[in-house]
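Chains A and B supply the protein sequences, listed in that same order.
Sequential numbering of the first sequence, starting at 1, is according to my numbering.
Sequential numbering of the second sequence, starting at 1, is according to my numbering.
None of these hints come from the bench; they were simulated from the model.
Take the hints with a grain of salt, since some may be wrong.
[As the list claims (entries may be wrong)] Taking lysine-lysine and the DSBU-like style, the derived pairs with C-alpha atoms no more than 35 Å apart in a straight line are:
{"no.": "1", "chain 1": "B", "residue 1": "68", "chain 2": "B", "residue 2": "78"}
{"no.": "2", "chain 1": "B", "residue 1": "24", "chain 2": "A", "residue 2": "57"}
{"no.": "3", "chain 1": "A", "residue 1": "57", "chain 2": "B", "residue 2": "68"}
[Said to hold, decoys possible] Which stretches of chain B does chain A cover? Using the computed rule of at least three CB atoms under 8 Å from a CB of chain A, they are:
{"no.": "4", "segment": "36–45"}
{"no.": "5", "segment": "89–103"}
All C-beta atoms, glycine included, are put in the ideal place defined by N, C-alpha and C.
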Amino acid sequence: TQLLEQSPQFLSIQEGENLTVYCNSSSVFSSLQWYRQEPGEGPVLLVTVVTGGEVKKLKRLTFQFGDARKDSSLHITAAQPGDTGLYLCAGVSEGFQKLVFGTGTRLLVSP
Amino acid sequence: DAGVIQSPRHEVTEMGQEVTLRCKPISGHDYLFWYRQTMMRGLELLIYFNNNVPIDDSGMPEDRFSAKMPNASFSTLKIQPSEPRDSAVYFCASSFAGLANEQFFGPGTRLTVL
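Same shape as in the complex, but just chain A (with noise of 0.2 Å):
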């Protein structure tokens, strides 16, 4: 079975500080995907990796796709309010007949 492990599980900063997410597992995947989902809605796309060592920019967040396409990163700088919610990764695996969820991030972004 195919896990995609996302650490830290939760995370409580203060707005303006800079964070990490982390997204592992011991497969490859051919893509990878970032969703946010708020509080009583469905997850809504952030980005789509499909590159090993690929960089994507979405104003303050940046995400960064492993080179052996196994793992990925989500970084937020300068943090804000808008910003909380559940950060989620999913990943596709090769042959594109698989798709996984990771466990998940919860970050609480306080003025």
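Knowing the structure of chain A, use the given hints to seat chain B on it.
Below, chain B without anything else, positioned relative to chain A:
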């Protein structure tokens, strides 16, 4: 255009009863996914369909769970008989042209089995 529509939004039932959750995907999307989310187990993929055909149902917990997609605009997830451990938020999502493409999630159905 409307997003993914799920009904009901909330369901409270007693153990042993049959529960049916419904989903209307975004028009034109050819993939449909059913997920279950709990605090303990996170977001779990139960089953997904491509062009109305079930492709991977390895996440379906047991025979009490079944899912159907009779046409491109409608799917159901049925639990019979329901048990308290089935209490969770169930999400339906749809996407176009592949697992690696963006999934659009519905608002979810919060199921409570007493």
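Going down the list of hints, with the structure as the test:
1. For the given pair, residue 68 of chain B sits about 8 Å from residue 78 of chain B by alpha-carbon distance, which is consistent with the 35 Å threshold.
2. Annotation: proposed proximity of residue 24 of chain B to residue 57 of chain A holds, straight-line Cα distance about 33 Å (limit 35 Å).
3. About 39 Å separates the Cα atoms of residue 57 of chain A and residue 68 of chain B, which puts this hinted pair outside 35 Å; it is violated.
4. Chain A is given as covering the segment 36–45 of chain B, and this holds because 4 residues of the stretch bring a CB closer than 8 Å to a CB of that chain, at least three being needed.
5. Chain A is given as covering the segment 89–103 of chain B, and this holds because 8 residues of the stretch bring a CB closer than 8 Å to a CB of that chain, at least three being needed.
When held up to the earlier numbered hints, the structure conflicts with hint 3 and nothing else.
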